Amino acid sequence: MIGYALKRFFGALPTLFIIVTVAFFMMRAAPGGPFDSARKLPPEIERNVKAAYNLDKPLLVQYGIYLERLAQGDLGPSFKNKDFTVAQLIGIGLPVSMRLGLLAMALAISLGVSLGVWAALRQNQWQDYSVMTVAMFGITVPTFVTAPLLTLLFGVYGVHIFGLEFNLPVGGWNGGAWRNMVLPVVVLSLPQIAIIARLTRGSMIEVLRSNYIRTAKAKGLSANAVVLRHALRAALLPLVSYLGPAVAGILTGSLIVEQIFGVPGIGRYFIQAALNRDYTLVMGVVICYAALIVLLNFIADMIYGLLDPRVRLS
Amino acid sequence: MTPAATRKAETLERAFAGRSLWADARARLFRNKAAVTGMAVLGVVTLLALFAPFVSRFAYDGIDYNVVTCAPDWWPFEAACKAGPGHWFGTDTVGRDLFVRVLYGARVSLAVGFVATLVSLVIGVLYGATAGYWGGRVDALMMRAVDILYSLPFIFFVIILMVMFDRNFYLMFVAIGAVVWLTMARIVRGQTLSAKQKEYIEAARAAGVSPFGIITRHIIPNVVGPVVVYVTLTVPDVILIESFLSFLGLGIQEPLTSWGVLISDGANTMESAPWMLIFPALFMAATLFCFNFIGDGLRDALDPKDH
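Those sequence lines, one after another, are chains A and B.
Sequential numbering of the first sequence, starting at 1, is according to the numbering used here.
Sequential numbering of the second sequence, starting at 1, is according to the numbering used here.
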């Protein structure tokens, strides 16, 4: 197991290296540069500014310098956010994004699995059909539609449900107060709830037909024990391998959600940085996200190996 | 032959007349109500998009400052102004007819969906079939590359690509297509691996057919089922990615439009003019629904053991 983990760790390094290389040269191939809006600068000052950031050197040399600093853990200064290094900006934004993402993940898994199991146990009955219809909505209606609609309902109009008035703030972060997080988290998790519910239902139905479930029922186990102790464990396996893509989905969604709700996470930096040609910040965010996805794929594989004894990690 | 014998032979022939697997699949597909409805609705949307200039008398870029942000005449709620006859979906913030703009948005979104899917189809099928057919070290190397690309935060690369191409709309097709081919390659490889064990491939090889000939003539036609299913599920994915980029302001530029742009505009004005959000969102959601229904229907039709 430890050998496998080490092997995976060293296997991830070339992946990250390729990501860094591709992102670096793609960003540089984009027309324009970080100091274009400051064209009014006298040529000699512009030259000095570029020299200060090594932008006057040949591209390959710059690449070498970047890699050397990266190897020492230095992501460099942000070109556009003066007085901040990329590491500082990520240090401010990442906890916010992580909090949002983890809450959305937790909500998606708990609600998605419950709905999926429920639908599977009531296969081809109205419960099944309604869950699957709602799931279809969750998959097909994009985040940037649900976000304004929910904002309109719960933020602007303040809908009453069960006598409770929902008057949630429609934007801003307010230091992470839960009222500010409800809408972003819900919007972020909706598509994932839908996908997870569909996945769980599919695998649950398959598992419920298998022989060992028949055996368990024949032994006289209660329905709850059969579902919770025997079926669920096997049915959740496909879900584990979905973990990596789910995180990628949440990250993608967070770009939109952070934009719409004005959440100060790193997703918002990324788009601004890409448009402003803030090379170092773009690279920093890409590296950060790529590392996260690689890590989660790794964790998913490990969990898979633990849950399914047929899979031998080697 | 006596007439009776002829009749008997005909009956027998009818009874045993081979029904190809495709005919079977088609029959199953057309029995699926959701899939048929999906195809019908999608057909109507496509036709409306194709004939958009003839459906409405307004131009998609025709600005009319007399009807700025007006609700359609039939709008049941309060609205600052009514757009007048012909503006079935109302008008936008510079008085352009929303109905015709939704249809022009459909043109762009559907075109991106189909073209990018085609790009991903060509790359994915060739790549996957080659890796699966060769096997061994070539396969390991090629699929390792796919694994690496898989772990990229690809939406970031699409965004960087858009910046790199300076929002050139035509390159967006290619950029998206070049990113979504990975799953296709994996599916095709898996199918190819199992198909190449079959006797007819061995027969072809024994007959001296070249590897390229075997891949294009024998393997690809036999792995087409799952690929068709995946294609119908890729198109809505791509439409979503396009609208996502447009929503972030990285997509198509004014006065042209796509569903993503319209929804983005609508989200900004939803408090005063909800119709600007509702109609594009409705069209887009309906289209994505249709593709998903058709994809599910195809899967059931082509893979009956799943029933």
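Derived from the structure by calculation, the hints contain no laboratory data.
Just so you know, these numbers come straight off a predicted model, no measurement behind them.
Don't be surprised by glycine CBs; every beta carbon is placed ideally from N, CA and C.
One or more of the hints may lead you astray.
[Said to hold, decoys possible] Looking from chain B toward chain A, a few residues come up when the C-beta cut is under 10 Å (computed):
id, residue
1, Ile148
2, Phe165
3, Phe169
4, Leu171
5, Ala207
6, Pro211
7, Ile214
[Stated by the list, open to error] Some residues of chain A that are not near chain B, with every Cβ distance over 12 Å (derived):
id, residue
8, Ile2
9, Ile19
10, Met26
11, Arg28
12, Arg47
13, Asp56
14, Gly73
15, Pro95
16, Thr215
17, Ser222
18, Arg229
19, Ile256
20, Ile271
21, Arg277
[As the list claims (entries may be wrong)] Simulated restraints on C-beta separations:
id, chain 1, residue 1, chain 2, residue 2, range
22, A, Ile303, B, Gly249, 51 to 59 Å
23, B, Ala140, A, Ala291, 23 to 31 Å
24, B, Glu202, A, Phe17, 39 to 47 Å
25, B, Val209, A, Phe17, 53 to 61 Å
26, A, Thr215, B, Pro221, 40 to 48 Å
27, B, Val138, A, Val61, 44 to 52 Å
28, B, Val138, A, Lys219, 22 to 30 Å
29, A, Asp56, B, Ala286, 50 to 58 Å
No chain B beta carbon within 12 Å of arginine 277/A's:
8 Å, violated
Does the claim that glycine 73/A lies outside the interface with chain B hold up, using a Cβ gap greater than 12 Å?
20 Å, holds
With 12 Å as the threshold, tell me whether isoleucine 271/A passes as away from chain B on beta-carbon distances.
With a cut-off of 12 Å, isoleucine 271/A comes too close to chain B, as the shortest Cβ separation is near 6 Å.
Threonine 215/A versus proline 221/B beta-carbon gap, inside 40 to 48 Å or not
Holds, since threonine 215/A and proline 221/B (Cβ atoms, about 42 Å apart) stay within the stated range.
Within 53 to 61 Å: is that where the Cβ-Cβ distance between valine 209/B and phenylalanine 17/A falls?
41 Å, violated
Is the shortest C-beta separation between isoleucine 148/B and chain A less than 10 Å?
5 Å, holds
Grab the minimum beta-carbon distance between arginine 229/A and chain B and tell me whether it stays above 12 Å.
Fine: 27 Å to the nearest Cβ keeps arginine 229/A off the interface.
Given a cut of 10 Å on the nearest C-beta pair, is the interface hint for phenylalanine 169/B held or broken against chain A?
With a minimum Cβ separation of about 16 Å from chain A (threshold 10 Å), the hint on phenylalanine 169/B is violated.
Is 50 to 58 Å a correct range for the gap between the Cβ atoms of aspartate 56/A and alanine 286/B?
54 Å, holds
Over 12 Å to the closest beta carbon of chain B is the bar; see if isoleucine 19/A clears it.
6 Å, violated
Phenylalanine 165/B as an interface hint toward chain A, with CB separation required under 10 Å
8 Å, holds
Verdict on serine 222/A as a residue remote from chain B, using beta-carbon distances over 12 Å
Consistent with the label, serine 222/A stays out of reach of chain B, its closest Cβ about 30 Å off (over 12 Å).
Checked against the numbered hints above, the structure breaks hints 3, 4, 5, 6, 7, 9, 10, 11, 19, 20, 21, 22, 25, 27 and 28 and satisfies the rest.
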